[in-house]
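Given the sequences, and given the hints that come with them, work out the whole structure.
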Amino acid sequence: MKNLRQHLNVIGVVVLTVVIVALGAVEVFRPLGIRFSDLTGRIVTMDTMIRIGILTIVLVGLNLLMGYAGQISLGQAGFYALGAYASGILSTLAVRYKILIGIADSWWWPWLSIIAGMVVTGVFAYLVGKPILRLKGNYLAMATLGLGVIIYILGGQFPEITGGYDGLTGVPRLSIGSSFTLWPMERYYFLVWGVAIVVIIVALNIVNSRIGRALRAIHTSEVAANTSGVDTDSYKVQALVVSAMFASLAGSLYAHFQSAVSPNPFSFRASVELVVMAAVGGLSSIWGAPFGVGIIFVIRDLIRSRLEDIFHVRGGEYELIIYGLILVVIMIFMPEGLTTGLTKALRRTGRRTVQQLSRAGAATSDSSRTSAS
Amino acid sequence: MNEAILKTVDLRKEFGGVVAVMDVSFEAEKEEILAIIGPNGAGKTTLFNLISGVHSLTGGEVYFKGQRLNGLKPHIIASLGIARTFQNVQLFGNMTVLENVMVGRHHRSSYGLLAAALRLPRAWAEEQEIMAKAREYLSMVGLAGRADLNALSLPFGQQRMLEIARAMATEPEILLLDEPGAGLNRLEKEELTRLIEQIRQGSVTVLLVEHDMEFVMGIADRIIVLDYGEKIAEGTPAEVQNNPRVIAAYLGEEDVAFLRP
Chain F
1 MKNLRQHLNV
11 IGVVVLTVVI
21 VALGAVEVFR
31 PLGIRFSDLT
41 GRIVTMDTMI
51 RIGILTIVLV
61 GLNLLMGYAG
71 QISLGQAGFY
81 ALGAYASGIL
91 STLAVRYKIL
101 IGIADSWWWP
111 WLSIIAGMVV
121 TGVFAYLVGK
131 PILRLKGNYL
141 AMATLGLGVI
151 IYILGGQFPE
161 ITGGYDGLTG
171 VPRLSIGSSF
181 TLWPMERYYF
191 LVWGVAIVVI
201 IVALNIVNSR
211 IGRALRAIHT
221 SEVAANTSGV
231 DTDSYKVQAL
241 VVSAMFASLA
251 GSLYAHFQSA
261 VSPNPFSFRA
271 SVELVVMAAV
281 GGLSSIWGAP
291 FGVGIIFVIR
301 DLIRSRLEDI
311 FHVRGGEYEL
321 IIYGLILVVI
331 MIFMPEGLTT
341 GLTKALRRTG
351 RRTVQQLSRA
361 GAATSDSSRT
371 SAS
Chain E
1 MNEAILKTVD
11 LRKEFGGVVA
21 VMDVSFEAEK
31 EEILAIIGPN
41 GAGKTTLFNL
51 ISGVHSLTGG
61 EVYFKGQRLN
71 GLKPHIIASL
81 GIARTFQNVQ
91 LFGNMTVLEN
101 VMVGRHHRSS
111 YGLLAAALRL
121 PRAWAEEQEI
131 MAKAREYLSM
141 VGLAGRADLN
151 ALSLPFGQQR
161 MLEIARAMAT
171 EPEILLLDEP
181 GAGLNRLEKE
191 ELTRLIEQIR
201 QGSVTVLLVE
211 HDMEFVMGIA
221 DRIIVLDYGE
231 KIAEGTPAEV
241 QNNPRVIAAY
251 LGEEDVAFLR
261 P
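Chains as they are written, first to last, in our numbering: chain F, 1 to 373; chain E, 1 to 261.
Simulated from the structure, these hints should not be mistaken for lab results. Everything numeric in this text was worked out from a predicted model, so none of it was measured. Note that the Cβ used here is the ideal one computed from N, Cα and C, for glycine as well. Accuracy of the hints is not assured; some may be wrong.
Calculated lysine to any residue pairs in the SDA-like style (CA-CA distance at most 25 Å, straight line) [to be verified]:
1) Lys73(E) x Val223(F)
2) Lys130(F) x Gly71(E)
3) Lys73(E) x Lys344(F)
4) Lys344(F) x Asn150(E)
5) Lys136(F) x Val89(E)
6) Lys130(F) x Val89(E)
7) Lys130(F) x Pro159(F)
8) Lys130(F) x Ala115(E)
9) Lys73(E) x Tyr139(F)
10) Lys136(F) x Ser56(E)
11) Lys73(E) x Thr220(F)
Computed Cβ-Cβ distance ranges for the label pairs, DEER-style [as the list claims (entries may be wrong)]:
12) Glu191(E) x Arg348(F): 47 to 57 Å
13) Arg348(F) x Ala248(E): 55 to 65 Å
14) Arg134(F) x Asp23(E): 22 to 32 Å
15) Ser203(E) x Val223(F): 38 to 48 Å
16) Val272(F) x Leu118(E): 28 to 38 Å
17) Pro131(F) x Gly41(E): 32 to 42 Å
18) Glu336(F) x Ser109(E): 26 to 36 Å
19) Glu214(E) x Val223(F): 24 to 34 Å
20) Phe156(E) x Val223(F): 12 to 22 Å
Sample of chain F residues facing chain E (criterion: CB under 10 Å; computed from the structure) [claimed, not checked]:
21) Arg210
22) Gly212
23) Ala214
24) Ser284
Next up, the structure:
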């Protein structure tokens, strides 16, 4: 059965890659003048797909932390912000401060900044994680919430460095070599989703290893994990560091996507939205991450574009109400999230079909027996 | 005479004003089966928690093969060679039967986050080893055929067996069993008795907390009796049975019948 799960994971990665490449190819080659957004009735655009990809990277990390290690984080947007600001500040050094000319404006500098951002965020998560992860449940939630808010506020301070609440602009696009720029969107889409797929593969590898087992053990019974030889404190911190580094990576990609960085997208509300996406997608599987992000975005875009047609009302408040109602309905009928809910439903229909078939088979063999005698 | 593999000296545990364990001293000999009995609330599970590092000691010392265990974290104590099961079975419900036992192999393997993330050959090789060893321990408790079922889907008696398999997978020298017979029927208890004997044959010292006196009398080499956190008697089953302090402690309890056959 373990092999079945591994095979499904491989199939999932392959299918995802094929779908992503196909959709991207449509946008690049525009067969018969069709663009990607036409395929979705102008509801989902390339812009949305890139955002989904970026947030998937954050969510895979959050899934590892909350779904597998069982540690809640209401401040994940803080790590996301650290990555965005690291990339934003470092890659605009040459332009804003006129230093490191020739180095800080070369094509490889932003890539280095992304890695530097991940390292800094990882170290920060390690230092903060050791004390914070001694807390449990609501206390941990409050501590991570506070952490996220602190980072958000810091982002708005020191306008010389961070650009204050208006943020900084002029973040360059990423390029490979001095001539191949990863822009316009069709190209950036492939970079973002390439990274997302690699992150998914790495997360799946971790989950199916002794590390993944240790995390799942910690989630269910920390005392049993400890007395079975698992250093629970260390693994909780490792899960936090990994999730923070993924969030930082996503933040950097976001900075180069927006070409600007400001504190707004990294507020407490953003952290809550991440947790909502994780819950809707399903916390017990890494696949819950892309699904969760995708579903939320599609719902939001659907509401935005079809609200008037269906409900004959217009405006942000109605969007919010409908959106909230949909979330509540999903959590009522599939409290474990979509991926778990759907797999359970599929298994049920599969079992029912097998039952019906065997019942039908028994009925026919009965009738043939009686007629024979 | 075998040397003491486990020694406690004046073990004490206080929770606020309550003294759960009061200056308990005893020794466990290598490869013996030592039972710890006493009325409810006598401090038996707390004693196990102190030895396995789950609770910090308020006073006293614990020595394992001469090494002082005071202040060591539970996972370190586990890796040194003391494993345990729990009164209310603590299985990992989000994993299969086999995976539960594989967690027991955790400290006998070493590959880390990077090797796991990149699926290095070293990680793969260790995984095969972990899986193979885990299957061995599953076979020992008779659950080999149920390896891929979810752990909580097992009937209760088998869940207890699974917990023992997981504890044994850590390759301990001492096994602490906390009421392993609770909730088992007579047949299952016979199986459990055989398993504990088999474990002792494998050079493991077994300490068990139990309430079923018939079961305890049938398997224990020696018995320690606790009452209100204090050790009130120690000796062979026959000696303990006739100890007036022990009889007095159990008066009013349902098990008092065992004392006078």
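Among all the numbered hints in the text so far, which are the ones the structure does not match?
3, 6, 7, 12 and 15
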